[in-house]
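S.K.: These protein sequences, in sequence, are chains A and B. The letter at position 301 of the first sequence is residue 301 when you use the numbering used here, and the numbering goes up by one with no holes. The letter at position 270 of the second sequence is residue 270 when you use the numbering used here, and the numbering goes up by one with no holes.
Honestly, the hints are just simulated from the structure, not real lab data. Please read these numbers as outputs of a predicted model, since none were measured by experiment. Beta carbons are placed, not taken as given, at the ideal position from N, Cα and C, and that holds for glycine. A hint or two may mislead.
Label pairs and their in silico Cβ distance ranges [claimed, not checked]:
| hint | chain 1 | residue 1 | chain 2 | residue 2 | range |
| --- | --- | --- | --- | --- | --- |
| 1 | B | E212 | A | Q238 | 47 to 53 Å |
| 2 | B | V71 | A | T678 | 46 to 52 Å |
| 3 | B | L69 | A | V640 | 44 to 50 Å |
| 4 | A | A159 | B | E212 | 53 to 59 Å |
| 5 | A | I448 | B | D52 | 17 to 23 Å |
| 6 | B | D254 | A | S705 | 36 to 42 Å |
| 7 | B | L69 | A | K313 | 51 to 57 Å |
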Amino acid sequence: MKFSLHWLQEYSKEALPELKKLEEIVTFNAFEIEEIIPFGKDTVLDIKVLPNRAHDALGHRGMGKDIAALAGNTFVDPHEYWKGKVSSDVTSPVIVTEDVQACPRFMSVRIDGVEVTESPAWLKDKLQAIGQKSINSIVDITNYVQFSLNKPMHAYDAALISGNTLMARLAQTGETLTTLDDKQLTLDSSTLIIADTEKPLGLAGVKGGKFSGISSSTTSIILESANFNPTLIRKTSQKYGIRTDASKRFENEINDILAEEGLRMTIALVKKLNPKAHVGEIVDVWNRKSWEYVVSVSTREVNGFLGTSYGDKEIEGVFSRLGFIVKKATTKEIIEEKLQVAERATYKNPSSMREDAPVHFSCSSLMSFIFSGIWQPSISIDKYVYGEKVTEPIWGDLVFSNTGEGKIRYESVGFLPGTSVPEGIDHVGLYVGDGKVTHISKDSGKIITEEITESKNFKNGVLYARMIDVDETRFFITVPHERLDIRIKEDLIEEVARIQGLSSIKGVLPKLQRRGLPHKRLYYENKIKNILDANGFSEIMTYSFGDVGEVEIVKGLAMDKEKLRNSLSGGINRAFQMNMLNAPLLHIQTVKMYEFGNVFTKSTEQRHLALIIDDGKKKSSFTDEVDMILSQIKRDLGVVNLECETVQVKPYIIELNFDAAIEGLPEPTSYEPLTPHTDSVVYEAVSPYPFIVRDIAVWTPASTSWDSIHNLALQVDSPLVVRIDCFDTFTKEIEGIQKTSFAFRFVLQAKDRTLTDAEANEVADKMYNLLKEKGYEVR
Amino acid sequence: MNGHFHPITKAIDKVSRIFTSIGFDVVDGPELESEWYNFDALNVPRDHPSRDMQDTFWIKNETIEGRHLTVSEQKVLAKGLPLGHVLRTHTSGVQVRTIERWVKEGKEFPLAVVVPGKIYRNEATDARHEAQFFQVEGLMIGKDVTLANLKGVLEHFFTKFLEKHVEVRFRSSFFPFTEPSVEVDMQCFKCSGTGDSGDGHCPVCSSSGWIEIMGAGMIHPNVLQNAGLNPREYQGFAFGAGLDRLVMLQTGIDDIRMLYNGDLRVVNQF
Numbered sequence: 001m002k003f004s005l006h007w008l009q010e011y012s013k014e015a016l017p018e019l020k021k022l023e024e025i026v027t028f029n030a031f032e033i034e035e036i037i038p039f040g041k042d043t044v045l046d047i048k049v050l051p052n053r054a055h056d057a058l059g060h061r062g063m064g065k066d067i068a069a070l071a072g073n074t075f076v077d078p079h080e081y082w083k084g085k086v087s088s089d090v091t092s093p094v095i096v097t098e099d100v101q102a103c104p105r106f107m108s109v110r111i112d113g114v115e116v117t118e119s120p121a122w123l124k125d126k127l128q129a130i131g132q133k134s135i136n137s138i139v140d141i142t143n144y145v146q147f148s149l150n151k152p153m154h155a156y157d158a159a160l161i162s163g164n165t166l167m168a169r170l171a172q173t174g175e176t177l178t179t180l181d182d183k184q185l186t187l188d189s190s191t192l193i194i195a196d197t198e199k200p201l202g203l204a205g206v207k208g209g210k211f212s213g214i215s216s217s218t219t220s221i222i223l224e225s226a227n228f229n230p231t232l233i234r235k236t237s238q239k240y241g242i243r244t245d246a247s248k249r250f251e252n253e254i255n256d257i258l259a260e261e262g263l264r265m266t267i268a269l270v271k272k273l274n275p276k277a278h279v280g281e282i283v284d285v286w287n288r289k290s291w292e293y294v295v296s297v298s299t300r301e302v303n304g305f306l307g308t309s310y311g312d313k314e315i316e317g318v319f320s321r322l323g324f325i326v327k328k329a330t331t332k333e334i335i336e337e338k339l340q341v342a343e344r345a346t347y348k349n350p351s352s353m354r355e356d357a358p359v360h361f362s363c364s365s366l367m368s369f370i371f372s373g374i375w376q377p378s379i380s381i382d383k384y385v386y387g388e389k390v391t392e393p394i395w396g397d398l399v400f401s402n403t404g405e406g407k408i409r410y411e412s413v414g415f416l417p418g419t420s421v422p423e424g425i426d427h428v429g430l431y432v433g434d435g436k437v438t439h440i441s442k443d444s445g446k447i448i449t450e451e452i453t454e455s456k457n458f459k460n461g462v463l464y465a466r467m468i469d470v471d472e473t474r475f476f477i478t479v480p481h482e483r484l485d486i487r488i489k490e491d492l493i494e495e496v497a498r499i500q501g502l503s504s505i506k507g508v509l510p511k512l513q514r515r516g517l518p519h520k521r522l523y524y525e526n527k528i529k530n531i532l533d534a535n536g537f538s539e540i541m542t543y544s545f546g547d548v549g550e551v552e553i554v555k556g557l558a559m560d561k562e563k564l565r566n567s568l569s570g571g572i573n574r575a576f577q578m579n580m581l582n583a584p585l586l587h588i589q590t591v592k593m594y595e596f597g598n599v600f601t602k603s604t605e606q607r608h609l610a611l612i613i614d615d616g617k618k619k620s621s622f623t624d625e626v627d628m629i630l631s632q633i634k635r636d637l638g639v640v641n642l643e644c645e646t647v648q649v650k651p652y653i654i655e656l657n658f659d660a661a662i663e664g665l666p667e668p669t670s671y672e673p674l675t676p677h678t679d680s681v682v683y684e685a686v687s688p689y690p691f692i693v694r695d696i697a698v699w700t701p702a703s704t705s706w707d708s709i710h711n712l713a714l715q716v717d718s719p720l721v722v723r724i725d726c727f728d729t730f731t732k733e734i735e736g737i738q739k740t741s742f743a744f745r746f747v748l749q750a751k752d753r754t755l756t757d758a759e760a761n762e763v764a765d766k767m768y769n770l771l772k773e774k775g776y777e778v779r
Numbered sequence: 001m002n003g004h005f006h007p008i009t010k011a012i013d014k015v016s017r018i019f020t021s022i023g024f025d026v027v028d029g030p031e032l033e034s035e036w037y038n039f040d041a042l043n044v045p046r047d048h049p050s051r052d053m054q055d056t057f058w059i060k061n062e063t064i065e066g067r068h069l070t071v072s073e074q075k076v077l078a079k080g081l082p083l084g085h086v087l088r089t090h091t092s093g094v095q096v097r098t099i100e101r102w103v104k105e106g107k108e109f110p111l112a113v114v115v116p117g118k119i120y121r122n123e124a125t126d127a128r129h130e131a132q133f134f135q136v137e138g139l140m141i142g143k144d145v146t147l148a149n150l151k152g153v154l155e156h157f158f159t160k161f162l163e164k165h166v167e168v169r170f171r172s173s174f175f176p177f178t179e180p181s182v183e184v185d186m187q188c189f190k191c192s193g194t195g196d197s198g199d200g201h202c203p204v205c206s207s208s209g210w211i212e213i214m215g216a217g218m219i220h221p222n223v224l225q226n227a228g229l230n231p232r233e234y235q236g237f238a239f240g241a242g243l244d245r246l247v248m249l250q251t252g253i254d255d256i257r258m259l260y261n262g263d264l265r266v267v268n269q270f
């Protein structure tokens, strides 16, 4: 997303660091910067915001806050959130949300007496900097709020809304909608839309409709500030192929609280541009309770995870810089505090932490509540499976029992599901020392503390498990509402690591006191590769995709790449054909290759080995050579039967099921390295253009060496000559004089074009001349 | 005369030699993987934007049947959820398979493995992008394995692989399967981090002195739990590096496609 540096500066009390320094801290401690673009007096940063920070940092305020923390600046929120007087003459819109899960919050307001104009320069400039077109004052304001707070907003022309009503409802099958950009959509019944009493107005959270938008004749507006279910928005956006700035934000999830901030900021801006406008009463349909997250971590945990030695001060400093509310306490102190908060609570089962605490609890939700900021599973048996099992309990351990009544669980449900607890568990309480337990149950109806041995609920015997060392001092963090990415202690540890600087972590190589082992395939594969290598075979790797095979890909790269290979022979044969054509370039007569690769059938994936060998000549046969290699493989691996399929004879291809071949072999006890080759580190790029071959034969005096001919030939000094190879030489008496004949081939190729015959002839002529000048007779 | 090993094979051999010598086992896993191992178990939920971070080849479910299913995969089906299959988009799926095996066989921790293997991405190919390439995954889990251990292991690995002292640095990042997550840069082996390998420039690192080479981090507790380990007791790191890129940087091969077309003009240089 594009961010304006001027805009980001508004969130820092002090000046931001100069660009180079800013780039460094953002890159190392937070986000990847994809591009920095000068924009007049401003600078635009294109910053890659990944899904974990899409809840907050896809807006300038969230990004500005993080940058302020990174720079050690003080975060300020420059925006105004309207708190003005409600005009009673404005009729508030009616808001209807049909599905609580689909639309957890919907806020709205009607503003009368609005004039839609061109936007003021400051607003236009801001939007232009981040690549947004200015439309009109109202639409620009909603966009500005979206890119400030990361909260998509929508404005309707009140005159075009029937019944002064906005509904978030599922579409009826066949209903149609024309989007702002004139796309005709036919809707289905799983699509959430915003509608008035008569017609669909837009795809909820994705795109507005054409017939309710703001125009120059608009005088009254209705604002929508809602939050939607992320999965639903994602599915809708995928189904209709419409991705927008709004859908991107909703599908990544944002906090309901942003709905109110977004709405109030929008109203404030509308009022700023239209001082005489009348603002109606805000309507707020909030289908779930606001929930504040507390997460905790200790200094020991931070250092034990990162391998660092930070002190309390450094860690606390990080949280303060990020604007987190920090409370330093022991878990015991927190539990005692929470028990007081819950003092008057009554029993309810099942009960939800979000909806019922601290008024009603079940036995297990009470434990989750009092261990505020300490992660533990919800269900009693899961808490036991999660905890450290102890036999001598101390204050703060959990006490579990099988009451013998109701539903007793013998296996964990949500945590390491299926873990067996033979004693059975259906109840949990807090051990508070002296053989006493604090708990809530159906029988007591409220929180009580009693002797374990005298408790009706614990009389059948108990198990103890420790969630945490309750005496250790921890940092209890109240997470800022927009930071939905901070939910567990590891998330806090990440904040410490990145703000303190990952560069301060020093590498420590762990000492394992053992040698590692290869997997069986690798061990035996290397043995075979060494044998093939010794026999002059080259290894290739080809594609797993092709046009032959049983298993198919939903959407492949091309029509002929939509199937997974069920054998290697096709690929290796194609490679053979190409390499035969290149034989002069490679200076080989016989192409010998092999490939190890996985092949696929409907029900299996197996590793195969294919081998190909041929020289392209009709009469040659390679069966003996291959048989010899196969017997060497058998001998070296200790395989009794090596079942090979002879795929074809010309060129000679065999393929075998490698997995089947090694099935009965022993597990490796050491790594089998490949035969060392001298590393050719500098690779010479191959030309994609065709080469031309010229053969020359010369008579020379009998004592002439190939080296001297070769050196002479090199004097043509043409970059086009890529090989000069002698393929035949003999000595013979001609007219009483011993003469030696050399037949050699030179290969011409350009790196950047297809050579013409004329170019090749020119080089050949030059070579003839060199040979003739030396007195050799060109045959 | 000896033949030639494929440059990727040589890299895998080198990786295996380096890691077995410091106590890491080399393991493998299937290329055609279920969405449980490739995504769900790795904390990449269904219908979540983090699935978009990798372009995926999905398998037509009707073209596979009767594949061996692990206990975890059977559990997905038992919940009534569909179980799609993909060409694995990373070697990380082997993380969960390996932990499961360790737990089942009662093997001793720390668990330390590397997984060199072929992976697939559904993206248009060019000189720098291929639909198939190789990754090496690394994984270490114990009671006190730290992010500092990850850095130590990577420094050791790059130094041995490139046969000269190489520094490693971390940048903050995000992957669903690690927390904290880091991008790893290694010091440029060509210019030794100076940004100048002779004429005022360095072609290998574009004169930055550093090369972006992999993603890594501490394994997310959800992943440990999905694999059958209690994150209250166990912690560890994971990394995944592109082998092709390492090979290309080191050898100067300028087009990744040259590794997979079976061309001996390339292979026979090695």
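S.K.: Against each hint, give a clear statement of whether it holds in the structure.
M.R.: We went through each hint and held it up to the structure:
1. E212/B / Q238/A: 47 to 53 Å: Distance hint for E212/B, Q238/A is violated at roughly 30 Å.
2. V71/B / T678/A: 46 to 52 Å: holds, 48 Å
3. L69/B / V640/A: 44 to 50 Å: Since L69/B and V640/A have Cβ atoms about 32 Å apart, the given range 44 to 50 Å is violated.
4. A159/A / E212/B: 53 to 59 Å: Given about 54 Å between the Cβ atoms, the range holds.
5. I448/A / D52/B: 17 to 23 Å: violated, 51 Å
6. D254/B / S705/A: 36 to 42 Å: Holds - the Cβ-Cβ distance for D254/B and S705/A, about 38 Å, lies within 36 to 42 Å.
7. L69/B / K313/A: 51 to 57 Å: For L69/B and K313/A the Cβ distance comes to about 52 Å; the hint holds.
Violated hints for the displayed structure, listed by number in ascending order: 1, 3 and 5.
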